[in-house]
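The lines below spell out each chain.
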Amino acid sequence: MEYVISVLLSGISVGGQYALIAIGYTLVYGILRLINFAHGDVFMVAGLMGIYFTAVLPISLSLPLVILLTVLLGFTIERVAYKPLRDAPRMSVMISAIGVSYLLQNTATYVTGGQPMTYPTIPFLSGTVNVAGTQTKWVVILTPVLVLTLVVLLSLLINRTKVGMAMRAVSKDFETSRLMGIRINSVISVTFIIGSALAAVGSVLFFTNYPAITPMAGAMPGLKAFVAAVFGGIGSIPGAVIGAFIIGICETIIKGLPSSWDVSVFSDAFTFALLILILVFKPQGLFGEAATDKV
Amino acid sequence: MKRIIAVMLTGIMTLSLAACSSAGSAAPAGGGASSEGDVIRIGVFEPSTGDSASGGKKEILGMQYANSETPTVEAGGKTYKVELVYADNGSSADKAPSAASELVGKDVSLVLGSYGSGVSMAGGPKFEEAGLAAIGVTCTNPNVTAGNDYYFRICFLDNFQADVLANFAIEKFSAKKAYCLGENGNEYDQGLVAFFTQVFEAAGGEVISDSFPTNNSDFTSYLNKAKSEGADVIFTPVSIAYAKQIMEQAASLDIGIPFLGSDTLDDNMVLEATKDTNLQLFVSTFYQEGGSETFDKGIKDYINNNSDALTANGGNDTISAVTAMGYDAYYVALEAIKAAGSGDKSAIKGAIPSVKWDGVSGSIAFDEVGDAVRDTAYIKTADTSTGTWAFEKVQTGSGK
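Protein chains in written order, with the numbering used here: chain A, 1028 to 1322; chain B, 312 to 711.
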């Protein structure tokens, strides 16, 4: 029983961290129809900034600074690498995104020397707590709560504010909303800002839990978050969150199955098999809208 | 306007490419000439990026220190200057062959390295094709030298190491049940787990083993499983980056089961992760600080007086076993050059099997496969209150 609880706990926290990254993917896709491959690496860079800032500044100052600079990074990437390609074929933007991803990874390799860096312990979050007989970190308990709060805030922003209305309009029809006087560029910037801020929060939670950062640390979580976004229906925020929790929980359950069954090694394979299955049988995902081609 | 810029850019790129290729072709030509003269190049085939970067850099440190101590070698009545030539194999079996070819192209006389068996096995065929001898420093998988006539090594093998650790588990903890965790597809990890299982089961114990996927970061499920299965020891022969994460996560889970590690876990970064926790970690290794006082003092001075070396060593002057091994490897290479009487690579290859050297990590001689003859390993344990390694015992294998 204790064991089952411990597996579920790590599943929920892993899922919550994927969810924060997945929202970034799904928002950008919803608006630009672009899969922002650099998103996972923005997450990794946020983690590295966390290490470097906490080394010189108190935590209360460095964490807001990390979020601010990650937002700035996301904003700059969009302005420099995606905006000039706004009218280019979608494939060009995608390739540009892959380029940014490699640039970030290699810059990180250059700066860190390729060695794994240790994320600082953050008071309280790193503290341990006892849940029904299993010991775990506070961050594990707090992650799902924080994720749900952020999702509620985000839905309020999208459904109740003017910016949100503009975002919905742009995602429905890019050209028409431009004709209706919506400033497309600022809407897109807002999208990247929100996505990057969530990735920065995600990086604090993720790396407090798994404190080693290598330049490739963003690749795997980024890829899984992308699968979660597709699984939940890319473009849909609740879909991305639910998809992320399902993937996180299934993955830890598979890892936790008895070794004699010899299946624990397939935890990653499962995630990607799920991607193939959903694309074959329900391409729009769990909550996505079926695409209708306008003639 | 745009067209003019485009043409100019193309021009600049072409020019820079041309510059690269001319520089590239000039260097090996010059190198070829000088190796006939008074310089002998030793290739250093080590990871300075990737999962094993931390280990690779420390191994290089030992070679650099040895090189600063003895920068020349006398062979065939001539004094040669010894130059270290580096190639980064990126800790990855995909990049290793191209790093190996890079060294072949730079006209080195022999190669030292690598840290990590997987990369050594991936690079080995390139050295064999080029007729270049390689001396493995701490690559412990039997398949590095088996089937490759040109690969030698100065460290003990994994079957010996696993044997030592299994015996240690049985003698020290009266362990009946062991949980083994290794990276999926990593030859080093899987080899050790397999050898450990063999010995442990032969002694009447029970082994449960799991493999985690590459780039995995959540180890809590595995650790909780080990606990719920009632394992007496956990054996984790994994790379440094993973070992560090496993230690950190085990500390937060209050796991209470002793960990056994292979030579890779003998690293400052892993040690740091156990500081101020109640973890018990035991590792088998090649060298323990205090083994040779002159070497300890010399390398500490070298590290403390050189900021690059200090960073490579993880910011302190704790001596890693791989540094001592890198130091010994350099001297074995010098002995081979002396015996060959020149920097000629085939003469050196022929000379290596007969080389004998009393290094800081013990005496080194080669058997017919090209492996070092070794019969003891040091077991050390992490002192969690001071954050240092403490010597546990000298352990021999079951002698099977």
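Derived from the structure by calculation, the hints contain no laboratory data.
One thing to keep in mind: the hints can contain errors.
If we take Cβ atoms under 8 Å as the criterion, some of the chain A residues that face chain B in the derived model are [what the hints assert, rightly or not]:
id : residue
1  : Y1030
2  : T1136
3  : S1291
From a predicted model like this one, the values you see are computed outputs, not experimental measurements.
Glycine included, each C-beta is placed from N, C-alpha and C at the ideal position.
Verify the interface restraint on T1136/A: the C-beta must sit less than 8 Å from at least one C-beta of chain B.
Check passed: Cβ of T1136/A comes within 6 Å of chain B, closer than 8 Å.
Close enough to count: is the Cβ of Y1030/A nearer than 8 Å to one in chain B?
At about 4 Å, which falls below the 8 Å cut-off, the nearest Cβ of chain B leaves the hint on Y1030/A intact, so it holds.
Holds or violated: the hint that S1291/A contacts chain B, with Cβ atoms closer than 8 Å.
At 5 Å from the nearest chain B Cβ, S1291/A passes the 8 Å test, so the hint holds.
This entry satisfies every hint, going by the numbered hints stated previously.
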